Each structure stands twice: as C-alpha cells, then as structure tokens.
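Please build the complete structure, drawing on both the sequences and the hints.
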Amino acid sequence: MKTTDLFLSTLNRRRLLKAGVAAAGVAAFPAPFIRPSWAAEGPIKIGMVIPFTGSTGAYGPEMEKAAKLAVDTINKSGGLLGGRMIELYIEDSESNPTAGAAATKKLLEVNDVNCIIGYWGSPIAMASKQLLIDAKKVMMISCAANAVTEQDHGGLIWRFQAKSTQWGPVGGKISLQRGHKKISVLAQQNPFIGSMIDPFVAEVEKGGGVIVDNLSYLPEQPSYRAEVEKIFGAEPDAVFIPALLTDFVSIMKEVYRGGFTSKVCSLSIAADANGRFLESVGPEVAEGIDHYQPAPPLKSPVYKKFVKDMGEPEDTVFLFAGNAFDQVWTAALAIEKAGTDESAVWTKSVPEIANPPGALVSDGVEALKMLRAGEKIAYVGAGADCDFDSQGDQLNRHFLHRVIKDGKNEFVQTLS
Amino acid sequence: MIGYLTTIMTLVSIAVLIAMALNVQWGMCGMVNFGLSGFVALGAYTTAILMLNGTGVFMAVAAAIVICSVMGALLSLISLRLSDDYLAIVTLGFGEVIRLITLNEDWLTGGALGLPGIPRPLVDYIGTDHYEKFYLAVCVLVVLLIFIGLELATRAPFGRALRAIRDDEVVAASLGKNVLLMRVKAFAIGGGITGIAGSLQAFQFSYIDPSQFSAIMTVYAFMAVIAGGRGSHSGLILGACSIMVLLEATRFLKDVVNILDNSQIAAIRLILIGGGLILLLIYRPQGLIREYRATAPAAPKNVPHDRKE
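Residue numbers (my numbering), protein chains in the order written: chain Z, 1 to 416; chain G, 1 to 309.
These are calculated hints, taken from the structure and not from any lab test.
None of these values were measured; they are calculated from a predicted model.
It cannot be assumed that every hint is accurate.
[As the list claims (entries may be wrong)] Derived list of chain Z stretches under chain G, where covered just means 3 residues or more per stretch with a C-beta under 8 Å from a C-beta of chain G:
id	region
1	60-66
2	96-110
3	120-127
[To be verified] Partner residues are not named here, just some residues of chain Z that face chain G (Cβ under 7 Å, in silico):
id	residue
4	Thr56
5	Ser223
6	Glu227
Glycine included, C-beta positions come from ideal geometry on N, C-alpha and C.
Below, the structure is given as structure tokens:
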C-alpha cells in the first residue's frame, strides 16, 4: 500500500485538522526569509564597552548615564528610520584588554549590535579593534593613543577625543605663557600619557625653555615621595604632571608636605575630575595649579542642557560623558542620513552629518528633523565640535585652560 | 553566538595552559609560582618581537618555549636554598621584573603602548572568515597534546617522584631522588608551557601590552588549580572552564535582571565568583577531581578476621 493510500484511507476530522495546522505553520514559517525587510525592522542595537571595575572603574558610570540620556531622547522623539527604537547594551571592560575584547565579542555575536561605542582606555580599544574591523561594524572610541586609528581600518573607527599628541603641546604653551623656563616632567606611565610627553618637550624647547628632569612613575604606588623629592628638589620653575586622579592626589599632598614652591601644571582629568580633586585635598594644597583638557562647547545651550540633565552643577566641565553623548547622537544621525542601519554603509555618512559645510546644529532632535527635511547639517555635540578627518580623528579640539584659586576653578583661556 | 563561544573557548584554552603550567610546578612538585603572568608575558613578547621581525611562526613559538623553560630552570636554581614562602617571593619578584621591563624598554617592547599588528599565523591560507574556528582548533589541539603528555608524566616514575618531593623532600632525598634536579625539571616544563600560552595569547588579538599580563592572570590560574583539585590535570580543565563560565555567564545576568545598574552588576559579578569559590572550598576542599593515585591492590580476602584489625 502506498503512503498516500494509507493517508487517505485513515483520513478523519482530527487528522485533517492536524494536517491543516501543520500546513499553515509551514506556510507561515519562511515568511521572514522571503521578506527580509521584516528582519530589519526590529530595534537598532548599539553596544557600549566601558569600565565599571578595575583601576579606571570610576569613569564608566558617567559615560553610561550620558549615553542613556541620548538614547532616551532619541526614542522619545520617535526613534530612527521611521520609528525604530534604539536599544543600548552595556558591558564592563574591567579595565582589562582581554575582558574588554571578550565583552566586544559578546556584544557583536550575542546581542548582534550595529556598532560599539565607549572604549575608555587605549589598550582595550587596541585589543578589540580587529574584532570590529573583521565584523565590519563601526567602533567609536573615547581614548587618545594615536595607534588606534593609525593603521587602515576601512573608515570604521571614529575617535571622540583629542589624540595624545595633541594634548602635549598645549601643556608646553601654558608653561611658557606663565614665564617658566626651567621645566620638569613627572608623568604617569600609561599609553595615553606616554605619547604626550615628547610633543610637550618639543614645544617647551621650541619656545626657549629647558627640560630639567623627565621622569615616569607607575600608578597605584603607596607613596610618591621619592619621585616628588627628585623632581621638586631640583627647584624647577614649573613641573608638568600629567596624571590621573588618585595618583595626582597623593603627589600633590606630598608636594605640599615637602613645602616645595615650583608651580604645577596638570590635566583636568586629574586636577579637577568634576570637583573630586578639590574634595580630596582641600583648597590650600590645590592653590595655583594650572590644568587643561579638551573643551566641550561650554557656552552652547545644548551643553548647558546636557549638564543639567546629567544632574551636575552648572560649571561642570565634562570630558568623557560629553563624548559618550556625542557618540550616540553621531551614530543616530549617520544612520538616519544613510537610511539604513548597515554599519559599513552608514559609517560613510558620519562626515556628511558632522563636518561642514552644512547648518551648524547642536540639538540632536532638531538635527534629525532637518535631516528628514533634506537639509545639510554639521552636528556640534556636547563634548566637541564633532568634525573628523579622513583617519577618523576629531579635528578642531580646543583646550580649556583653568587655574585653581581659593578652592575654585577659574577660567583662563581657550587654546588650540 | 558561535563566534562568541569560539572566542571564549580560545581564552579558556589559554587559561587552561597557564593553569597546567602551575599544576606541574605547584600541584605536582609543591613549588609556588606567583610570577606566572611574568612567564606568560615573556613568552608573548618573545613571539611577538620575533614575528614582527619576520621570523617564522614555528621558530618564534619554539624560541618562546625555550626562553621560558630556561628562565624557569634558572629561577628554580636561584631558589636553591630557598623553600616554600621564600621561593614564592622570588617568583613574585620575577613577575614584577618582567612587567617593569615590558613597561620601560620602549625600544624593544613598545612600552605601555604595547606591540600592535602581530601577524597571525597562516591567515593568508585560512582567510579571516573561518580564522577564529581554525585558531580555536589549534589551541584545543595544543591543550590536548600537553594534557596527554602531562598525564603520561604523572603516571610515570617522574610524576611519582615529584609528588614524593612535594609531600616530603627529605624522605624523597633519602630514597635517592635528586630533589634539586627534579625541581629544576618541573619548573622548566612549567615554564615551557607558559611560553606556549604566551605565544597563543599574542596571536589571539594580534596585539599585546603590559596590562594584559596583570596579576589577575596568576590568580585565575590558582583558582583553576584549586577548584579543579591540586595535582589533577583533568580537574584543572574543569576548574578553568567553570571559572570562565562563571565570569562570562554573569555577563548575561544583566540582560535578564533589570533592577540594578551596570556598576552594581559589575561588582556583583565579582562577588558571585568569589562566593562560588568559597562554597566550593567549604563543600569540596579536595577540588572537583582528585589527583591520580596508584591504588594498592585490595587486601587478600582469606586473611583471618583478627589479623585484619
């Protein structure tokens, strides 16, 4: 007996019903594959790798908050590409390159994200970038080491930070302007700071200054007395101390205790750190310290609104939070402009929405409306002007120079 | 998902190799090595520097193995008159020396920036699409070969002698075993294995920098060996896998639980791992799998009852 005969001969109501349901199921199943556009209409997924634990764990939370702020604003205003929402997936880099790369892989493979932003810390970005290039996904970094964008990356990497080599000369200019001639360097040993020392030295020597001592130290030491006495004992006019918050606090306490008189110039991520430096050492120790960092557009209404939304005092000068905020917005605008969430495609639109010519616009929601109306825009973010060169590095990073007087940060100038 | 699992499995393989090296030195021979991360860094940098200067893969890896073995042997010789705790401090110092060299000798190691662009072996033949799977296969094969080698060594007279030295060196010496030579051998073998692990690590991301070889690498190796059962090679594979699964699986926690923010989740991840290890040590102090022991034949059955007591 053939199978069809068997089937027909035993056909009854139940079998018919089952067969019908099965047929309907089979018919319904391949629908998403026949119409691939269905699959593309889910949320737009953005990944973020930032440190919450380990030695740089303190910098993650403000970046998370800023990125969520941007995502919420976009979703409330109706999403992208005709109503698709953004979903943000955040992973901890543990301040460790291996863990950061594993987190990157997880976001790419498991969460199937469209691009990954964040990347505080150059070694983590260095260990992860090949994964993103292989997957042809966009990477937006907040770290400074030149090496991350140096080799060819197919236009997939965008840096939301001044390069290390841009930081150095600014410190040199500040010291020379202050009339200092004999200058020493006491620098933390990490890739970001390491590559700003040579440009600093070159700038000082070009301006007729002399480098007395140039010393690197390892962070997380119990005491910096030996380093401080060696550098300050030679009584230079000024000491350039590019550091991070915790070691700078210890160093300055040591300098105060030793009664040294040389002037100090540092980075705002150490000597301000959103007020945490002054909280830790008090006004006497901090008096007269010059410090600088890449400046956000302080006077723009969007920056003021951003600081308010972040819940911080008006005069806060964010560095990393503003950059994270810009990363989300730049990705969103480029996706809207390109009309697709295909990473390899919309990465080409990044300069189109960020660089001039085009109407300068700093309100993201406004920028989205203008894009939809077919206008040309040049987005200005809460962290920077957001203009890029062909290597993916940010152009026109201005630096904000401030000095600590009577326990307060006073504006000195904007340098570039 | 498959690509993610491939990466994780590759990382597990490298962690297993490091744990195996520790198991030879500490698990079998009783010599604590807190400088493991230094050995791995030495292997990784040797391979990377040679590869970047155009040496072939096999030469580069072989050089890493030889250099790490020799360093291991020398280190155990230096500690000729030092036992237990003192040796631990010497190895700790060695790890720190290597770290400082990698950080400071910019001309050789690239300093804090590290060495980017390490060529991946055979990438031109395999292609980038399937390279990760190929690389995992290579790692697993290496683990398997070393595992078999170590299992054979454990069951051989060499393994018994090592355990004897670990349990009581005076007794071992009085039985005519050359304690010093055995220790040097154990340290050299362990060193060679870390050299391979370092090479694999260098190829994995085609980038190395000093922060990849932090003390946490040594801690994970100790965790794997302790959790797996000191002296047991199959145990430490299980131990390394469970630690990695714990570490990575907790990443998925926040995709499911939505109450806590990321910095809280990040802290809880580490608490969970610590808690897991403490529970394991309370309820299974001997580890997951007991080390290999040749068991004596059962007592003859026809012995009169009173003589059995």
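Each hint, compared with the structure:
1. 60-66: Holds: 3 residues of the region 60-66 of chain Z have a Cβ under 8 Å from chain G.
2. 96-110: Holds: 11 residues of the region 96-110 of chain Z have a Cβ under 8 Å from chain G.
3. 120-127: This one holds; 4 residues, not fewer than the three required, reach chain G with a Cβ under 8 Å.
4. Thr56: violated (10 Å)
5. Ser223: violated (17 Å)
6. Glu227: Because about 15 Å separates Glu227/Z from the closest Cβ in chain G, which is outside the 7 Å limit, the hint is violated.
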